[in-house]
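Novice: Read off the chains here:
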Amino acid sequence: MTLQELAAAALLFAGAFFFLAGAIGLLRFPDPCTRIHALTKADNLGLGFVVLGLAVEAPSVVLVAKLGVIWVLVLVSSSLSSQLIMGRAQARAPRTDPRGPT
Amino acid sequence: MSLVDWTLDGVLAALLPLIAWGVVTAASLDKAIMLFIVLGFVSALAWARLDAIDVALVEAAVGSGLTGALLLSALPAIQPRLRRPSSLARRAGVGALLAGITIWLGVTTLRLPARSGGLAELVCENIEQSGALHPITAVLLDFRGYDTLIEVAVLLVASLAVRAVQRPRLRPGRRGEPTSEPLASFLNLLVPASIVIAGFLVWEGSHAPGGAFQAGSILAGCGVSLQLTGERPALRMTLRVRAALVLGLAVFVALAGAPLLRGHDLLDYPRPWAGPLVFALELALTVSIAVILVTFFPGAPDRPEPPARAADSP
Amino acid sequence: MSGTTPWISWTILAPLAGATLSVLVARRAVPIAVIASAATIVSVAATVGQVASAGAVSSAAGAWGAPLGITLRADGFGALMLATFGVVGPLVSLQAIGRRGGPRARRFLVLWLFAWASLNALALSADVFNLYVTVELVTLAAVGLIVVERDRRALAAGLRYLLLSLVGSLFYLMGVALLYAATATLDTELLGERVTPEPASWTALALMTAGLCLKAGLCPLHAWVPPAYTSAPPAVSALLSGLIGKAPYVVLVRLWVEVFPGSLGGGAARLLGALGALGIFWGSLLALRARRLKRVLAYSSVAHVGYLFLFFPLGTAGAWAGAAYVAVSHAAASASMFMAVEVVERSVGHDMLDATKGVAHRRPLTFVALGLAGMSLMGLPPSGGFVAKWLLARAALERGEWWWAAVVIAGGLLSAGYVFPILRGAFAPQRRSPELRRAPRHAELVSLSLAVVALALGLIPLRLMALLKLAGRS
Amino acid sequence: MHELRMGVALFLLLMLLPGLARAWRGPTLTDRILVIQLFGTCGVAVLLLLGGDREAAALRNVALVFAVLAAVTVIAFVRFAPSEDVR
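Protein chains in written order, with my numbering: chain Y, 410 to 511; chain Z, 11 to 324; chain V, 9 to 482; chain H, 2 to 88.
Next up, chain Y with everything else stripped away, as it sits in the complex (with noise of 0.2 Å):
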């Protein structure tokens, strides 16, 4: 095994976990707000360090490029949607709850 494919692996491990990070989180977090702060690891480091791991091994600058692109892309869109999603949730939340201070 070379050094790239070592490192490689490492990077895709590291995705891999940080994967398992936010499915664990979404699933066992209390509350929507909390588990959209789990979610966000796994869209944006769990993606993120795959994108990086195929990257190291990728055979030109092109194919590099354009996972760069499609990870932006997904990062500019989940934060975009965890802030949208959020938005709605607390537009709506005072009306349910708007005495007692927690």
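It is worth saying that the hints were derived from the structure and are not from the lab. Think of the CB as a built atom: it goes at the ideal place given N, C-alpha and C, for glycine as much as any other residue. One thing to keep in mind: the hints can contain errors.
Facing chain Z, a subset of chain Y residues (Cβ under 10 Å, in silico) [stated by the list, open to error]:
#, residue
1, Val465
2, Leu482
3, Val485
4, Ser486
5, Ser488
6, Leu489
7, Gln492
8, Leu493
9, Gly496
Computed list of chain Z residues with no C-beta within reach of chain Y, every gap over 12 Å [claimed, not checked]:
#, residue
10, Trp16
11, Gly20
12, Phe46
13, Ile88
14, Leu98
15, Thr112
16, Thr119
17, Pro192
18, Ala203
19, Thr248
20, Ala264
21, Gly267
22, Pro286
Only pairs whose alpha carbons sit at most 25 Å apart, straight line, appear in this in silico DMTMM-like list of lysine to aspartate or glutamate [said to hold, decoys possible]:
#, chain 1, residue 1, chain 2, residue 2
23, Y, Lys475, H, Glu4
24, Y, Lys450, Z, Glu191
25, Y, Lys475, Z, Glu135
26, Y, Lys475, Z, Asp61
Go by the hints and put chains Z, V and H onto chain Y.
Specialist: For chains Z, V and H alone, coordinates are given in the frame of chain Y:
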């Protein structure tokens, strides 16, 4: 195929019916829609795994992306009415019938004589003369272009029928919700990115998986986003929109009819020009498919209705 | 194809081009539709002429030819259906042209042009997958036509029709996939040579037949028919019942006669015949009990679908001529009746059975039309309906299967039971003449001309049969 | 290396199961849309991994389509999903 490959396929094959079961038995409509979107994701993966990349592309774009958004946008209109599960006996009967058919189909398929892959060889032999180097595109736009001609008409008719029954009630952009800062900057990124990617997919279509339908769906996704966020007003049936709507079919009919005038068969492209003609056709189809898909979404009324009529819809 | 003018292709492209243009130039939709219709009628007439003089005409789309490409082929049957679509359809669409192009009339015309293109394409297709595509276009155009007036009830009926029809399409498509896997071709002629009696073939036949029967509204799969035919505008019901309802049957006949030639006469064919007989009785009985004119006609259509399916157990050339005659004469007669009902409904304000009371004297043309078309539905000589039923009954007796003949005759008697009350109410003497609203004059004329067509079909039977005999194998 | 990539892809597919459980249980629509987000990202990763050792760029195009359309569903969700659920 190693053990990992087999397991991977096995997991995919197990996930599909599992999720489908979830869709069918979900207690509420919104849950069913969410699971349906997930089903679209997983089936796109399955198609990719089966090397049917073209189908995977369409499934990713239309099956999960746009269909999910379309179902969600229909949700407010139908939610209150879904309160009547049919009787257990009836469901069991239908289930048994469908299971029987499925099992029978499975057995029949497995017992099919193992023959060569249909017309694949013939397609490969003739691909040089066709207007595309990718077999799927060659089949869709040349060998069986006549099918696609009618399918494009199907899409246009569907759009006309949807437009006939749409109510202006759900017109987004009228709600006065200002576009948030991040959303606006996201849309600023999405529009150019979609156009570039759509153009790339059309180009790919001439020699690799891709083409008008996939590219059109990307553009439609962008258009739907703009329309749903109120960033752009809903499509009005201006001359320009109508021109975009029929462009694909018009070009197709022209390409079909022109050879007839010269005494050839319909869609018989003059061979040296077949490549450029097919590519031009793809571009026209991309535009039309994108606009047609956008018209399926609520918020694309015929024309601005006078307020009196808009108000009386229940 | 060389030398001859490719009329066969123009029968599809002309209406398609017209539809495309009239979406684009919506203001000029009516004149565009008129020109496109005229062009289509010329192409249809020329194609029928070619077939009548020189036998089947064909054209290979893209010049590829089967099995790689798709072949269009006009044989006797295809030409007959082309002619039916090309006579009945434009006549019905005249009422929209006559209305001077409001937005509804324009939408109707565009959708009708699409439907016409797809019907012609269906009649000419010699490829099982292409048939699927044309059936889809027929279905969607039909749904568009049903909901064209944005009526709430029509919307529900249209959606119901769409969903059931899609289930039917799914079954058909699974059959196509199986056939392709087993034979590596989609061309009907090549399939006819390559299909062997193996599980895949007859599973395919069963799936496709089941799907098409659902789409055709064969009893007991007719649940979608009455709501669709009664809630759509009458002109649309005329197209649905007269033309669009025949489309799945055309595909079914192609399958059974050309792709699976050996399958006629088996148990499955008898089952289809039995369902047809059931449809004749059940549809007629429900028509007898119906209180609304449109409902009577809708159930009468269910019964007439039944007659079409009597061809399968008989399978002879005579039975074939009879079934084709039923298709053609019912197309004209039923469209005429629906248009006449349009006049009655507009005149009186509703379409209950007693709406016709005393209207005969004020709307004589409509009642001549109702009478003539009713004769054809009942099968009284000398109408087209009579020839159709006579041919079917004779074919049954020739094979010694008298029970089919009994079904035909009983069906005729039952139809008399539901057609006569309509006319009797109309000619009954009235103490005072009812107040009538203005009714569309052109709808009256359309109805009358369709009724004359239905009647005339009985007077020129031999020429039509000569055309049909070209249908090759049957 | 192929094995490794397939193994990671398989692992990511298995990560969908906890997601499915969350989608099934809910309880709110917000939870379900989060699952869809997870599935989208997982899908992109799996497609990239599957395409990792093939010459054809086609699988990466599928991932590209996933990525660019990921937000459309969420935007439709925010616009149209019924609002009674958040606690």
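Novice: Look at each hint and say if it fits the structure.
Specialist: Against the structure, the hints come out as follows:
1. Val465: Where the cut-off is 10 Å and the nearest Cβ of chain Z is about 20 Å from Val465/Y, the hint is violated.
2. Leu482: holds, 7 Å
3. Val485: Since chain Z brings a Cβ to about 6 Å from Val485/Y, closer than 10 Å, the hint holds.
4. Ser486: holds, 7 Å
5. Ser488: holds, 8 Å
6. Leu489: holds, 4 Å
7. Gln492: Holds. Min distance 5 Å.
8. Leu493: holds, 7 Å
9. Gly496: holds, 7 Å
10. Trp16: Given that every Cβ of chain Y is farther than 12 Å from that of Trp16/Z, nearest at about 20 Å, it holds.
11. Gly20: holds, 19 Å
12. Phe46: Label holds. Min Cβ-Cβ 18 Å, cutoff 12 Å.
13. Ile88: holds, 20 Å
14. Leu98: The assertion about Leu98/Z holds, with a minimum of 32 Å to chain Y.
15. Thr112: holds, 31 Å
16. Thr119: Check passes; 35 Å lies beyond 12 Å.
17. Pro192: Incorrect as stated: the minimum Cβ-Cβ distance to chain Y is 5 Å, not above 12 Å.
18. Ala203: violated, 7 Å
19. Thr248: Holds: least Cβ distance 30 Å, greater than 12 Å.
20. Ala264: At roughly 36 Å from the nearest Cβ of chain Y, Ala264/Z sits farther out than 12 Å, so the non-interface label holds.
21. Gly267: holds, 41 Å
22. Pro286: holds, 26 Å
23. Lys475/Y with Glu4/H: Roughly 23 Å between the alpha carbons, so the hint for Lys475/Y and Glu4/H holds.
24. Lys450/Y with Glu191/Z: Holds, at roughly 23 Å.
25. Lys475/Y with Glu135/Z: This hinted pair is violated, its Cα atoms lying about 33 Å apart.
26. Lys475/Y with Asp61/Z: holds, 21 Å
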